[in-house]
Structures are given as structure tokens and as C-alpha cells.
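Put together the whole structure using the sequences plus the hints.
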Amino acid sequence: MSGEKRREEMLTVLRQSAKPVSGAALARNFAVSRQVVVQDIALLRAQKQEIISTNKGYLLKESSPNHRIFKVHHTDEEMEEELNLIVDYGGKIEDEFVYHKVYNVIRVEMGLKSRREIKEYMEKLKSGKSKSLKDVTSDYHYHTVTAESEEVLDQIQEELQKRGFLAELRDYEPIDFWK
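Residue numbers (the numbering used here): 1049 to 1227.
Quick caveat, the hints were computed from the structure, so don't treat them as lab data.
Predicted, not measured: the structure shown is a model, and the values here were computed from it.
Check before you lean on any hint, since a few could be wrong.
[Said to hold, decoys possible] Simulated restraints on C-beta separations:
1) Glu1206 / Lys1067: 25 to 33 Å
2) Glu1221 / Gln1064: 37 to 45 Å
3) Ala1073 / Ile1117: 31 to 39 Å
4) Glu1098 / Asp1124: 29 to 37 Å
5) Glu1196 / Gln1064: 14 to 22 Å
Note that CB positions come from ideal geometry on N, CA and C, so glycine has one too.
Here you go:
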């Protein structure tokens, strides 16, 4: 099988999977090394395919017109409550990012859509091996949240506001981070 054909089939596998597909599984499926999979993913990204790397494998980014960026602020102790609130109202936490005056946007993919996934994420943070990006900016950070409708995003925003998690944008922060 040619490399081009293999990459087309990898895209098909990623499109058809609701869960992340590990590099090892892709390597087995296409009878190539894990390194070849990494190179293929890089080539697909160079072709503008939005492939997300997670700790559980690769995902093809879903295009959802219903998304909103929330600027939030909370303590480590409140983090799980904030994340659970978002998924309980039907949102998916796509990422966490911070806006740094010197480094600009620093972003990590999350893809959290259930309490179970949030619990696993929190356990990793509590293990002490990793820290949240919010630690870089005095607990201020952003989440891109997707949902099935604007109404769901409105409910999430209202609840984040009620619980005191929403923060105001500063003058130096861009309104559209991705332009």
C-alpha cells in the first residue's frame, strides 16, 4: 500500500471513530511502525487535516458551529466543579489555554465530555507529574466549549456566571484568539 493510500485510510479510521485511536493501533492496522504513523499524522496535518493528539490517541477534530470561549478563574479545589458543570449541561471542553503577554497563546487539547474523563484528568493532575496551564497566569484561563446548540452554551455561561467562575477580558486580551 502506498503512503498516500495509507494516509487516506487513516483519515477514514479517524473519521469513523468516536474515541481516540492509539498510534499503536494504527501501526498494527496498517502494518507499519509507530514512527511511520507519527510521520503520516504530521503529513496529514500539513495538508490542513485537524488531527488532535490526546493521551489516548489521535482524534479528527469535529467541526462544530456551536462553540464559545469562556474566560474563567478558580482555585485548584474548584477545578473539578467547574469542569463538571460544563459537561453536566451538555458541553464538551475542547481545550484549555492561557493568554500570556510575552508568549501569546499557550494551548492544550482536552476533549473532556464526561465526569469519568474529568475524574481521570483530575487524578493525573493530583499525581503531581503535571500542572494545569492556569498556574502560569494566576488561575485565569480559557476553555473552548462546544455543544449541540447555542442555548446549551447560554446555559453553561449562565451557570459559570452564577458560580463566580467567569472572568472579564482585560484590555490587552484579543477578542478572537485564532485570527
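Cross-check of the supplied hints:
For the pair glutamate 1206 and lysine 1067, the supplied restraint of 25 to 33 Å holds, since their beta-carbon distance comes to about 31 Å. Hint check: glutamate 1221 to glutamine 1064, Cβ distance near 38 Å, so the stated range 37 to 45 Å holds. A hinted range of 31 to 39 Å holds for the C-beta pair alanine 1073 and isoleucine 1117, which are about 32 Å apart. In this structure, glutamate 1098 and aspartate 1124 meet the distance hint of 29 to 37 Å, their C-beta atoms being roughly 31 Å apart.
Distance hint for glutamate 1196 and glutamine 1064: a CB-CB separation of about 21 Å, consistent with the stated range 14 to 22 Å.
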